[in-house]
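Assemble the complex: chain A is given as a structure, and chain B must be docked to it using the hints.
There are 2 protein chains.
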Amino acid sequence: MSRSLRALPRPLKSPGAHDLGLIVSTAERTSAAACFTRNVFKAAPVLLSQDVLAKSGGRAAAVVVNSGCANAVTGKQGLEDARDMARTVDALRAARTADASPPAPAAQTLVLSTGVIGQPLPITNVLNGIALAHANLGAGFDSWQGAARAFMTTDTFWKLRARSFTLGGTKVRIAGIDKGAGMIHPNMGPPPAPAAPHATLLGVIVTDAAVAPAALQAALTYAVERSFNSISVDGDMSTNDTILLLANGASGMERELQLPPASDADADPDAAHPDAALYLHFRDELTAFATELAKLVVRDGEGATKFVTVSVEGARTFQDAHAIASAISTSSLVKTALYGEDANWGRILAAVGAAHVSAPPDPARVSVSFVPSDGSEELKLLVAGEPEKVDEARAKEILQREDLEIRVVLGQGEESAKYYTCDLSHDYVTINGDYRS
Amino acid sequence: MSRSLRALPRPLKSPGAHDLGLIVSTAERTSAAACFTRNVFKAAPVLLSQDVLAKSGGRAAAVVVNSGCANAVTGKQGLEDARDMARTVDALRAARTADASPPAPAAQTLVLSTGVIGQPLPITNVLNGIALAHANLGAGFDSWQGAARAFMTTDTFWKLRARSFTLGGTKVRIAGIDKGAGMIHPNMGPPPAPAAPHATLLGVIVTDAAVAPAALQAALTYAVERSFNSISVDGDMSTNDTILLLANGASGMERELQLPPASDADADPDAAHPDAALYLHFRDELTAFATELAKLVVRDGEGATKFVTVSVEGARTFQDAHAIASAISTSSLVKTALYGEDANWGRILAAVGAAHVSAPPDPARVSVSFVPSDGSEELKLLVAGEPEKVDEARAKEILQREDLEIRVVLGQGEESAKYYTCDLSHDYVTINGDYRS
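In order, the protein sequences belong to chains A and B.
Be aware that the first sequence starts at 3, since it is given in the numbering used here, and climbs by one per residue.
Be aware that the second sequence starts at 3, since it is given in the numbering used here, and climbs by one per residue.
Wrong hints could be hidden among the right ones.
No distinction is drawn between identical chains; accordingly, a pair holds when it is met within one copy or between any pair of copies.
What the hints assert, rightly or not - Heads up, simulated BS3-like pairs for lysine-lysine below, C-alpha to C-alpha not over 30 Å straight-line: (1) 382 / 78; (2) 297 / 173; (3) 297 / 398; (4) 57 / 297; (5) 57 / 391; (6) 78 / 398; (7) 391 / 297; (8) 57 / 78; (9) 398 / 420; (10) 78 / 297; (11) 391 / 78.
Read the hints as simulated data drawn from the structure, not as lab findings.
Here chain A stands alone, though its shape is the one from the complex (with noise of 0.2 Å):
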């Protein structure tokens, strides 16, 4: 390393601004998953992560996130200053349980960073501010909150949830913060993530139910499709689009829960695994509270002025269901149409029969309809194929509020999907005309 050959420190972000936050568990044994990009360029810190998974066999006991520099497309040194910045962590805890002086651990630190592409990390700055982070560790909402503010680059809020639930008789709370505002279009899958393609998006969600790696991982794939991969703000993946989840079992349940087998994920929760009921709870507890999570992003995209929801209904399979509602929500001419409040409803036709899909939508049989948030009638702009007479001033009507439901029905099968996505505005052009400087 030759950090004597960097230019003197830089801070991440403007000086006194939140941008290093540090989470650790302080559990003897705590459960990890996540789910990465599937962009073929993935960050040093995305590589990292995963490799340290892939070595602890799903568990870990931190996180470390900085804000300002992604150290993305940032080569062998970008690789080196990711590890550090683990390292440091994992030695910063070592030292604080020194007395018992167990044999070194395997690396138990994941690392998430958000900002600039393809520049490097003034990785002392960030070393120094590990160190600064792990002296102050709280546990209360404090904390919390500076966690959080430490994700945000283009966000105009910080993003911070929590909830509780019952388990199989134990209350356990979940807590998670994400940030997102720009390059915003996941395509997120487990590690080792197949190279397959979509935002900087960057979530932890952190729990003290008690779950093994694999249901963990499970229930975490699962909720991520349905959540944060059904959100777009731009239609771009970032390199560095990670969600992590730790479940540390804390609550005191009495054992970990563990996967059923594949067949029972979906079958009658009565019979087989003894877990299998108790599993599907925890993954559609997990996917409302990410899905919670990920709307937050939208709710914050860049310059957005609207918060759209997209229906798919009437689909062969959630795949082509999902694939629609992504072609709807990337749409240029859709966004710039809700943006301008115009009822073009022609371009969603267009968007729905541009999108890639196993069955294509039969036009005789496809209905789109306006559901407007206040609970009123929706409007329907065409059934089966041929178009309505439209009262545009009630499409107006509809269309100035800021949400709004887009809903289209394909008449093909019985799955459905939802996508959350935003208006494309003057604003998004000016944010992104010069996000550098």
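Just chain B now, kept in the frame of chain A:
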């Protein structure tokens, strides 16, 4: 038909604007080929034209175009209207040569429509316009210019080009009109178009070369993939995208150029089929001409301030190079950075990594540079996966020009592809936030 139930005829566009064009071949036998949108929701004129070509075996003698209304998602009435347009042209043509009174020929008219989706054609006006256009047919520049103006929607200039070249000793001429400024990300295939998936782009190319239908279609399919299917304004694929090619043989070539067997098409031009070399020559001239027409659309991209060539080299297949060039060309973040003249090349990398390809790039072999339009030295941004120390002043200099090339070298093979795109500006949002009014 229930014309009487319609409201009073409305003009397609503002009164006095050119909104109807007619192109007629006066030769006895004219070959025709076409590439149509792969959108599942094909507009009525697309379905009609596919049908005409299928029944005639690749022969057509006329093209009628209207702008202002796309006749898309207009149900059964839309199909009847498109058919009425074609029938009216056929009837007028038949009446003109009525002295010979031949048996009624197969339908010979292809239809193009562009404009708002989901509204019915003011068909009485359209049919009257056809009669007027037919009465005023001419071969001079003014007539061609008038036809080109009839194609325009949000276009700010009419798009007409012509050139000549020698084919097998005979001088042949080629002329073309196209239109498009938004909803531009075509993905067109030969008829019948496989149900798969992207603009409204309309184009007609005519030549007096003598080319048999199969050879004409093969050459057009090849040319469209490398020209019109390699441009993007906003990533949206229209329900109406169509490129038509008519060849009437009026140049006096001795005989119709025939399609050589597939194995010969890219083989040694001196071997095998007598038309092998001639076919390749025609195909390449057509591709170059189509590329010139396609670039005009990007030059007129809605709100565009930059013309950007995206070159992807060193790919294993043309398809992979094309997919990566497309991913860069449609990234909102890349396009807003270009608008902001910001050398944010990390966004280019993120787009490369997000593309759907058969052979994912190896990050350690990828290089990226900006190629200035004045012939001066290229600016290297990334070399074999390692970021360069970028001279920001030089980058700014290159980015401030209207024309710019982004070059990506993958280091995987010998194939390459070019894409033509523009930036994403405030004006794009303004234009599309309220297109209908």
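Do the hints match the structure? See the list:
1. 382 / 78: between (56 Å within a copy, 19 Å between copies)
2. 297 / 173: within (25 Å within a copy, 63 Å between copies)
3. 297 / 398: within (24 Å within a copy, 37 Å between copies)
4. 57 / 297: neither (33 Å within a copy, 52 Å between copies)
5. 57 / 391: neither (61 Å within a copy, 35 Å between copies)
6. 78 / 398: between (54 Å within a copy, 28 Å between copies)
7. 391 / 297: neither (33 Å within a copy, 38 Å between copies)
8. 57 / 78: within (20 Å within a copy, 62 Å between copies)
9. 398 / 420: within (23 Å within a copy, 42 Å between copies)
10. 78 / 297: This pair counts as neither: shortest intra-copy Cα distance 35 Å, inter-copy 40 Å.
11. 391 / 78: between (61 Å within a copy, 15 Å between copies)
The structure does not agree with the numbered hints 4, 5, 7 and 10 stated previously, though it agrees with the rest.
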